[in-house]
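So you can see what is in the structure, the chains are spelled out below.
There are 4 protein chains.
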Amino acid sequence: MGSFKGHALPGSFFLILGFWWSAKCILKYVCKKQKRTCHLGSKTLFYRIEILEGIVIISMALTGMLGEQFISGGPYLILYKEGQWNQLLGWHHCTMYFFFGLLGVANILCVTISSLPVSLSKLMLSNALFVETFIFQNHTHGREILDIFVHQMLALVSFLAGLLAFLEFLTRNNVLLELLRISFILLQGSWFWQVAFVLYPPSGGPAWNLSDHENIMFLTICFCWHYALAYVIIGVNYAFVTWLVKSRLRRLCSSEIGLLKNPEREHESEEEM
Amino acid sequence: MGSFKGHALPGSFFLILGFWWSAKCILKYVCKKQKRTCHLGSKTLFYRIEILEGIVIISMALTGMLGEQFISGGPYLILYKEGQWNQLLGWHHCTMYFFFGLLGVANILCVTISSLPVSLSKLMLSNALFVETFIFQNHTHGREILDIFVHQMLALVSFLAGLLAFLEFLTRNNVLLELLRISFILLQGSWFWQVAFVLYPPSGGPAWNLSDHENIMFLTICFCWHYALAYVIIGVNYAFVTWLVKSRLRRLCSSEIGLLKNPEREHESEEEM
Amino acid sequence: MGSFKGHALPGSFFLILGFWWSAKCILKYVCKKQKRTCHLGSKTLFYRIEILEGIVIISMALTGMLGEQFISGGPYLILYKEGQWNQLLGWHHCTMYFFFGLLGVANILCVTISSLPVSLSKLMLSNALFVETFIFQNHTHGREILDIFVHQMLALVSFLAGLLAFLEFLTRNNVLLELLRISFILLQGSWFWQVAFVLYPPSGGPAWNLSDHENIMFLTICFCWHYALAYVIIGVNYAFVTWLVKSRLRRLCSSEIGLLKNPEREHESEEEM
Amino acid sequence: MGSFKGHALPGSFFLILGFWWSAKCILKYVCKKQKRTCHLGSKTLFYRIEILEGIVIISMALTGMLGEQFISGGPYLILYKEGQWNQLLGWHHCTMYFFFGLLGVANILCVTISSLPVSLSKLMLSNALFVETFIFQNHTHGREILDIFVHQMLALVSFLAGLLAFLEFLTRNNVLLELLRISFILLQGSWFWQVAFVLYPPSGGPAWNLSDHENIMFLTICFCWHYALAYVIIGVNYAFVTWLVKSRLRRLCSSEIGLLKNPEREHESEEEM
Numbered sequence: 001m002g003s004f005k006g007h008a009l010p011g012s013f014f015l016i017l018g019f020w021w022s023a024k025c026i027l028k029y030v031c032k033k034q035k036r037t038c039h040l041g042s043k044t045l046f047y048r049i050e051i052l053e054g055i056v057i058i059s060m061a062l063t064g065m066l067g068e069q070f071i072s073g074g075p076y077l078i079l080y081k082e083g084q085w086n087q088l089l090g091w092h093h094c095t096m097y098f099f100f101g102l103l104g105v106a107n108i109l110c111v112t113i114s115s116l117p118v119s120l121s122k123l124m125l126s127n128a129l130f131v132e133t134f135i136f137q138n139h140t141h142g143r144e145i146l147d148i149f150v151h152q153m154l155a156l157v158s159f160l161a162g163l164l165a166f167l168e169f170l171t172r173n174n175v176l177l178e179l180l181r182i183s184f185i186l187l188q189g190s191w192f193w194q195v196a197f198v199l200y201p202p203s204g205g206p207a208w209n210l211s212d213h214e215n216i217m218f219l220t221i222c223f224c225w226h227y228a229l230a231y232v233i234i235g236v237n238y239a240f241v242t243w244l245v246k247s248r249l250r251r252l253c254s255s256e257i258g259l260l261k262n263p264e265r266e267h268e269s270e271e272e273m
Numbered sequence: 001m002g003s004f005k006g007h008a009l010p011g012s013f014f015l016i017l018g019f020w021w022s023a024k025c026i027l028k029y030v031c032k033k034q035k036r037t038c039h040l041g042s043k044t045l046f047y048r049i050e051i052l053e054g055i056v057i058i059s060m061a062l063t064g065m066l067g068e069q070f071i072s073g074g075p076y077l078i079l080y081k082e083g084q085w086n087q088l089l090g091w092h093h094c095t096m097y098f099f100f101g102l103l104g105v106a107n108i109l110c111v112t113i114s115s116l117p118v119s120l121s122k123l124m125l126s127n128a129l130f131v132e133t134f135i136f137q138n139h140t141h142g143r144e145i146l147d148i149f150v151h152q153m154l155a156l157v158s159f160l161a162g163l164l165a166f167l168e169f170l171t172r173n174n175v176l177l178e179l180l181r182i183s184f185i186l187l188q189g190s191w192f193w194q195v196a197f198v199l200y201p202p203s204g205g206p207a208w209n210l211s212d213h214e215n216i217m218f219l220t221i222c223f224c225w226h227y228a229l230a231y232v233i234i235g236v237n238y239a240f241v242t243w244l245v246k247s248r249l250r251r252l253c254s255s256e257i258g259l260l261k262n263p264e265r266e267h268e269s270e271e272e273m
Numbered sequence: 001m002g003s004f005k006g007h008a009l010p011g012s013f014f015l016i017l018g019f020w021w022s023a024k025c026i027l028k029y030v031c032k033k034q035k036r037t038c039h040l041g042s043k044t045l046f047y048r049i050e051i052l053e054g055i056v057i058i059s060m061a062l063t064g065m066l067g068e069q070f071i072s073g074g075p076y077l078i079l080y081k082e083g084q085w086n087q088l089l090g091w092h093h094c095t096m097y098f099f100f101g102l103l104g105v106a107n108i109l110c111v112t113i114s115s116l117p118v119s120l121s122k123l124m125l126s127n128a129l130f131v132e133t134f135i136f137q138n139h140t141h142g143r144e145i146l147d148i149f150v151h152q153m154l155a156l157v158s159f160l161a162g163l164l165a166f167l168e169f170l171t172r173n174n175v176l177l178e179l180l181r182i183s184f185i186l187l188q189g190s191w192f193w194q195v196a197f198v199l200y201p202p203s204g205g206p207a208w209n210l211s212d213h214e215n216i217m218f219l220t221i222c223f224c225w226h227y228a229l230a231y232v233i234i235g236v237n238y239a240f241v242t243w244l245v246k247s248r249l250r251r252l253c254s255s256e257i258g259l260l261k262n263p264e265r266e267h268e269s270e271e272e273m
Numbered sequence: 001m002g003s004f005k006g007h008a009l010p011g012s013f014f015l016i017l018g019f020w021w022s023a024k025c026i027l028k029y030v031c032k033k034q035k036r037t038c039h040l041g042s043k044t045l046f047y048r049i050e051i052l053e054g055i056v057i058i059s060m061a062l063t064g065m066l067g068e069q070f071i072s073g074g075p076y077l078i079l080y081k082e083g084q085w086n087q088l089l090g091w092h093h094c095t096m097y098f099f100f101g102l103l104g105v106a107n108i109l110c111v112t113i114s115s116l117p118v119s120l121s122k123l124m125l126s127n128a129l130f131v132e133t134f135i136f137q138n139h140t141h142g143r144e145i146l147d148i149f150v151h152q153m154l155a156l157v158s159f160l161a162g163l164l165a166f167l168e169f170l171t172r173n174n175v176l177l178e179l180l181r182i183s184f185i186l187l188q189g190s191w192f193w194q195v196a197f198v199l200y201p202p203s204g205g206p207a208w209n210l211s212d213h214e215n216i217m218f219l220t221i222c223f224c225w226h227y228a229l230a231y232v233i234i235g236v237n238y239a240f241v242t243w244l245v246k247s248r249l250r251r252l253c254s255s256e257i258g259l260l261k262n263p264e265r266e267h268e269s270e271e272e273m
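Protein chains in written order, with full-length UniProt numbering: chain A, 1 to 273; chain B, 1 to 273; chain C, 1 to 273; chain D, 1 to 273.
Honestly, the hints are just simulated from the structure, not real lab data. Hints are supplied without guarantee of correctness; some may be wrong.
Chain copies aren't distinguished; within one or between two, either way the pair holds.
No more than 35 Å apart at the CA atoms, straight line, and that leaves these computed lysine-lysine pairs for DSBU-like [unchecked claim]:
(1) 246 x 33
(2) 24 x 5
(3) 43 x 28
Chain A with its partners taken away, still in its complex shape (with noise of 0.2 Å):
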């Protein structure tokens, strides 16, 4: 961190999140509007799916900390030096992550203990979603106008992110919802690949001017071609998806399906939203 890999780590995991979030979401949702009879969407494999899930999760999150800490000069677990607070940022950095571990922890208490409700992990995302926001808006005192623009635009999409996932813990079952907050899953993903080629430029050419006005008009803009391109993937992946389904189905299961699919159909599509 501080650095250009420190940037596209955590943007490699939220886009990879993004897609595979986006994809188990559409799955779920194009199956269940297809009458959900082939077995795609058995309760023991969905179980393992989503243990493997927390594990993926946990490994990213250890994988941030044990970089931080140790990568590149970290604080190697020193918190107070020399009468002086060590090298706080990395800290912060390894406290989200912390966060997002928790994510995973979560994630796989409600599939094993039957006790727990299935909506904490939605709440426990939230809340990780919340604390990166809180410590981005705590991270850049003293900084140039352009490091501050971008990090607070990490935080207002962490923040939004966080509202959604909060709103989908409220009310159940919605699939825009969901995918809404995918969306911005994705967009913070890239945007921190963004945030890696502004201030660390890779090519070793030379630095934007950190203290430039129009650099920030242009990320304005910039982030919301991300944004658009964040609906693009959903939408590509929604159409594979669909065609995947449909041409599965017709193959396994043609014949009872076909004389249920359209009125059943319809119907669904008004009772699902």
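Since the structure of chain A is already known, use the hints to place chains B, C and D on it.
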């Protein structure tokens, strides 16, 4: 943009859309009250109207984008020229138009692809308005206080309209919520005209003093009067549509409706809201 | 306005409305609990009361507007005079009164035109309060800090009341939400009186030091005590109305109610909220 | 107040309340899951507990108010002395305690007067927390940045807890929402202790540098760790209560429950949230 026409054009677009949406929304509501037997809201007609609306919105967005790029010394699709950003304000406006274009695309997709949730278009409307708010917030760096104030009012009204569109997306079929959102769309339209008259007086007369705080105090109440005007427009629209539906209904299907009307109406009026 | 009376008048209006609404709201709630058999809430009586309420609100708004325009050197309906705006603060107050007048009109229309949704009056109340907030926010440019502070408190309390009225509009029939909103109306009324005493001491004694921060610290807690007072008013009102309904009910319809009362009440108390 | 003890006292109160509420909330949830047949939650016992809770909260509030007024040179109930306000900070704290006292009164009234809606106590809790936020916002004029920061964190956490209590008031019976609110209560308690250690180090050692921005950066993450601690406390509480209820249930009513448990639990876990 940067001219009288550049503000009058989006103003007219919002006014047209506001008129049309209020008429459509009131028509639907009144027809539902009047027992929806008279084929005013048949499904195929409704589909065609939605597609037409989508096409109109897309052409508005395209007009805006092309106008921003190619008329009166726009950026001509060049983003970076001679070591600096090229006319970023024009690109800002293009991005705003682009997201309204996405709304038109979503409108058409929702009708043609049956597996898509119907409320997608509300979500895209909310998104387009929030993106507009976000861009207006980072749009007025280094300008005069009056210029900043009128653009902040635009940001405020688009934020409120976006919030209401999002509420509509969450809780469907509340006619007053929809009319409230439309009143903000109308307000935005007439405010764009006001901004055009304030910043670029077409008469060639003396411009407003952009640094006089008295002008801000006046525009504050002027904004409220525009809002009251939006209410008047919707009220007149409501009276006209109600009269139209009632008079036409009386001619078409007089007998059986007449018997049912009174008790039903009362019952529905409580259930509706 | 700009005088003791100009603040005491709206304060009295809000106090009267708050008293009346709390009495009406508690009466409805208690009657509903007591099995609503005793004709206390007959439809025609209810309609007449609503229309009367609307007329009273409209006359309050008219009184306020006329007072602002024609008493003690007001603008006399002249907006622009000798090259500058004429007494914009008076016009600000007129605009606020005007939107409360619209609330009265909506109250009457809701009752007389059966096709209008009933919750329109809640929406207009919320609107009037938000417009008040908006105008107060742009009202105190260049004044002393204590003056700004007391007006910001007015903006805060009208914003909160507006928010609660909007929540009521969305989720109907929550008696506590309604009482909470009314407590903010009462708070606004008593705070207007407080502002009148702070800015224009009627005794002719020395005015408060408007730039002393200690005074702000005191008015902060004073605001909370006003709020506690609003609670006391509503509590006393609740006790009185409950006692009135019970004693009157006991005389009018003793026998058949007495048998039903206890189990019903318990059941309803859970269902109600 | 203005001393170590003055911050440790409310901190302890919040920690005790947080522990107690989390235990009560988890106990209710687990009992409901385990088929609520075993008389753990009988009505009269519940009533007595609520009244006891109310009395405890009132005595806490009284302790706090009396301590603020009469210990270590407090205002001794004198508000205005020798031409200036007398120790307004002490009066600020008294007002906060007073609104928490109202919460205790509401707790008792809700149980004893059956006609009052049950959710009144949630509303009063939300109110007490919002009043606390409001007072903390106007509490730190002219102090050092670190002092302002730690009080802003208190305001933030009480605002969030108030918001969640208000959400609970609107949507009842969401156990996770309740636990989330309780986690903020616990966070507030432990943060009060942290503030006491930062501003008034009890060891007599050197105080923190109140104008060093590094300390703010550290306290930012420290705040997050406190939050994680609140999660651990609730998690341990949950595990302990679940174990307690299960082991006790197994002894008391083994046979008939054993048959019903598994299918019921699964069904309820979906319905619950």
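Verification of the supplied hints:
{"no.": "1", "hint": "246 x 33", "result": "within (11 Å within a copy, 40 Å between copies)"}
{"no.": "2", "hint": "24 x 5", "result": "within (28 Å within a copy, 47 Å between copies)"}
{"no.": "3", "hint": "43 x 28", "result": "both (12 Å within a copy, 29 Å between copies)"}
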